[in-house]
Amino acid sequence: MDKEQKPELICPAGTPASLRTAVDGGADAIYCGFVGPTNARNFPGLNFSLDEMAKSVLYAHDRGAKLLCAINSFPTAGRTDIWKKAIDDAISIGVDAVIIADIGMADYMSKKHTNARIHLSVQAGASSAESINFYCERFDIKRVVLPRILTVAEIKKVHDAIDCEIEAFIFGNIGMMAEGRCSLTNYVTGLSTNMDGVCSPANFVHYEEDENRNLTTRLGEFAIDCIGCGQNAGYPTICKGRYNATHRKGYYAFEEPISLNLTHLLPDLIDAGVTALKIEGRQRSKAYIKSVVSSFRSAIDAFAKGETPDISDLLALTEGHKQTEGAFLSKKWR
Amino acid sequence: MKSNSHFSNSPFGKQKANKDKANSLKNLLPPLPLFILQPLLNHIVSSVAKKHPELFNRLGDSANKVFLIDPSDLPLFLILQPNPLNPTLKAYNQNEIIEHDTYICGTFATLMQMIDAQSDSDALFFNREIRVSGDSEAMVALRNALDDMEGSLAKDVAKSFGVLSKPVLLAMQKFSKNSGKENG
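Going down the list, the sequences are from chains A and B. Take the first sequence: its letter number 263 is residue 262 in numbering that gives the first Met the number 0, and every next letter is one higher. Take the second sequence: its letter number 14 is residue 13 in numbering that gives the first Met the number 0, and every next letter is one higher.
Errors might be hidden in some of the hints.
[Said to hold, decoys possible] Where chain A lies over chain B, by a calculated footprint (3+ residues, C-beta under 8 Å):
id	region
1	58 to 68
2	121 to 129
3	139 to 148
[What the hints assert, rightly or not] The list that follows gives simulated cross-link-like pairs (lysine-lysine, DSS-like), each with its CA atoms no further than 30 Å apart:
id	chain 1	residue 1	chain 2	residue 2
4	B	Lys173	A	Lys289
5	A	Lys54	B	Lys89
6	B	Lys49	A	Lys54
7	B	Lys50	A	Lys65
8	B	Lys173	B	Lys89
9	B	Lys165	B	Lys49
10	A	Lys111	A	Lys54
11	A	Lys289	B	Lys49
12	B	Lys50	A	Lys54
13	B	Lys165	A	Lys289
14	B	Lys50	A	Lys289
15	A	Lys289	B	Lys158
16	B	Lys154	A	Lys289
17	A	Lys54	A	Lys83
18	A	Lys54	B	Lys154
[Claimed, not checked] Label pairs and their in silico Cβ distance ranges:
id	chain 1	residue 1	chain 2	residue 2	range
19	B	Lys49	A	Gly305	50 to 56 Å
20	A	Lys84	B	Asn82	29 to 35 Å
21	A	Ile92	B	Pro166	18 to 24 Å
22	B	His42	A	Ser130	55 to 61 Å
23	B	Asp60	A	Ala301	36 to 42 Å
24	B	Ser46	A	Ala301	39 to 45 Å
25	B	Lys154	A	Lys54	20 to 26 Å
If you're looking for bench data, these hints aren't it; they were derived computationally from the structure. What you are looking at is a predicted structure, and each value in this text was computed from that prediction instead of being measured. For each residue, glycine too, the CB sits at the ideal point set by N, CA and C.
Using the sequences and the hints given, assemble the complete structure.
Laid out in structure tokens, this is it:
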């Protein structure tokens, strides 16, 4: 990798303090969302008011960083005005791009804000060159965030056949859902990951630990995991739960608690044409942001100099203390 | 104080919490003279509320909840009620019956590191270094509200003691360090 190829480091922020931490830690761009259902991390106490977002734009720009506003959930019938207002607000305060998932909102933004930059969210689930090019032609998409289902070799093929930049996740939470359409939480709670922006709403989550420190995690009325004393825990999501079936007891039917970590694939991703490397975790703390951002900043800079960085300490921040290169390395990764 | 309907079924309810306390080595310690500690806690909560009023916006409805904070290596509980009109932080001896909506437990050092953004709370949960139960929505809101505070809570509190700020900070750091050692 030479200097011209050095990719952008895209970092998450759930609060203004996290955003400042990411900027100060060396992020090239930070993505964040407004309070409410318009972004896919609609958690209690998280996200930005319009005033906080405007101040954050200034903070980022003063330090040479960009702010990408995630409006990446799917409006349901009768609620599109909330998403349209979020887009108008974001543009009015000078964000560098809006990350859009819904095709209707992409259409709205491309017509109303013709000079604004649209990034296609991972939530849109666009994984083929034909699909991505459709978005480019119709809505002038400048960048696509690829679903975490493609191998590096496939990313290279997509790159060679599309008319926009590629952003790829390199670290953080990973799920086996078809990106953009997860109905598991909706089934149990009535609230949708992709339409209400909330996966496993906190008011439905309950933890129970017995006297031997065995931890039971519940979502609504369903026990979704039982974790023995001394075992590492994961997020309380249905896709990371363990289940009993007729042929097998207590197994991870969908996915284990595990985090994506593509440190060792960074040179391959960049050679494949990836423009921007993205860290997941707007729901995580400043401590996580500080550690992950500085580690990947150092790693990218080291690779650019032809050195091999050591960022093995990131394992401590992974879900369940486990990490994977997921589908980026092999389709048979489970 | 309120009790959460879900919470009453939790093994981390008040009876369980007190049973754990009774079984722990720290129970060998005599009850603390809390009347000495309380003015310090009043000072902490009022100085934080004054310096970080935005914290209450992030808490939303969870500002009306009752949080039981259990430093597992100390013979006491803390009860936080972050009501914006009258925020309180009160200490109780470990054998007292305390009703609450949300429970969080960890060593004093772990709790301080989490509040001061030195450790990631999700990672602490994954590693089982903190235990939580009760109203998860309130817990998440409090975590995010505290995490949006700029700087160090320990330093802010120490600073509010004026000329005594340096010895207060050193005492807090020393106590936190010893707490971490004792608990691995």
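Taking the numbered hints from earlier one at a time, note which ones the structure violates and give those numbers from smallest to largest.
Violated: hints 5, 21, 23.
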